[in-house]
Amino acid sequence: MKIEDPESISKSPDGKAPRDQPAWREQFPIDWPTDDFRSRRDFTKLLGLTSLAFVVGQLWIALLALRRRDREPRSLPPREIASVGELPVGGSKVFDYPRAGAKCVLTRVTEVKFVAYGQKCTHLSCPVIPRPERNRLQCPCHEGAFDLATGEPVAGPPRRPLPRLRLEVRGDRVYALGVEEGVL
Amino acid sequence: MNLPPFARSQRLTIVAGILCFVLVLVVLQLWLLTATMESFLGGSDAIIVPAALASIGCFGLNFGLLHFFLRKLDR
Numbered sequence: 001m002k003i004e005d006p007e008s009i010s011k012s013p014d015g016k017a018p019r020d021q022p023a024w025r026e027q028f029p030i031d032w033p034t035d036d037f038r039s040r041r042d043f044t045k046l047l048g049l050t051s052l053a054f055v056v057g058q059l060w061i062a063l064l065a066l067r068r069r070d071r072e073p074r075s076l077p078p079r080e081i082a083s084v085g086e087l088p089v090g091g092s093k094v095f096d097y098p099r100a101g102a103k104c105v106l107t108r109v110t111e112v113k114f115v116a117y118g119q120k121c122t123h124l125s126c127p128v129i130p131r132p133e134r135n136r137l138q139c140p141c142h143e144g145a146f147d148l149a150t151g152e153p154v155a156g157p158p159r160r161p162l163p164r165l166r167l168e169v170r171g172d173r174v175y176a177l178g179v180e181e182g183v184l
Numbered sequence: 001m002n003l004p005p006f007a008r009s010q011r012l013t014i015v016a017g018i019l020c021f022v023l024v025l026v027v028l029q030l031w032l033l034t035a036t037m038e039s040f041l042g043g044s045d046a047i048i049v050p051a052a053l054a055s056i057g058c059f060g061l062n063f064g065l066l067h068f069f070l071r072k073l074d075r
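Keeping their order, the protein sequence lines are chains A and B.
Sequential numbering from 1 applies to the first sequence in our numbering.
Sequential numbering from 1 applies to the second sequence in our numbering.
Treat the hints as calculated values from the structure; they're not laboratory data.
Hints should not be assumed to be uniformly reliable.
Stated by the list, open to error - With a straight-line Cα cutoff of 25 Å, these simulated SDA-like cross-link-like pairs (lysine to any residue) come out:
1. A:K16 - B:A7
2. A:K120 - B:I47
3. A:K45 - B:A54
4. A:K120 - B:D45
5. A:K45 - B:R8
6. A:K93 - A:P161
7. A:K93 - A:Q138
8. A:K120 - A:C141
9. A:K103 - A:K120
10. A:K120 - B:S39
11. A:K103 - A:V84
12. A:K45 - B:L12
13. B:K72 - A:D42
14. A:K120 - A:R71
15. A:K45 - B:F68
16. A:K45 - B:L53
17. A:K120 - B:T34
18. A:K103 - A:E143
19. A:K103 - B:S39
20. A:K45 - B:G60
21. B:K72 - A:G48
22. A:K45 - A:D31
23. A:K120 - B:L41
24. A:K103 - B:S44
25. B:K72 - A:R38
26. A:K45 - B:T34
27. A:K45 - B:L23
Using the sequences and the accompanying hints, generate a full structural model.
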């Protein structure tokens, strides 16, 4: 008498005897262990392709960073953006820097202290509005807020600080000297 | 290395193990990609190269598992 290898017997997923299986399963038999093996193996291969796609994504970001580095000059020439007398304490002015269309906002915090940031909110790029009385820059779109002294996010959805400009006061003129951190 | 052919139940267990390992690595790669994108959009380039190297390392492990073990299991 021939003894059948139990490994080669096709088993149904519910483990019941063949006579207890529905009719359609008898008519369309499937080798479940092999089917399980193949579906898991194919899914693992799909994950391998996904892994490759993530590597391509990382390399794409690296390429974008290289292009950005080539495009943006590291140090910008000083540019006059306002006069000291033009702004009262608590006053602010919007200006383009370092190129037309890149909006920045200058705020006079005290008699001698000025701060300037890129005006695009780091959440979804709405223009931020200085609120010196609350020591904040407010984004009206989603109620995001940034600290006026540092540009760090303090409330709402933004998680990254605003890009901050390097400033210098020469005589009665305020000059922008470049970007401390971030991209305008 | 010449291993004896695996039984069907063994192959299923092995492929499930490989699947779990590859899944963890892919999730790690997804996290690396989102963190790198977040950093890039924030204007910082410092983590781009280390993250890319880590991601390539994860892919190398995945490729090794798929290439050597699955080929052996398929025989």
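(message) Checking each numbered hint in turn, tell me which of them this model violates, lowest number first.
(response) none
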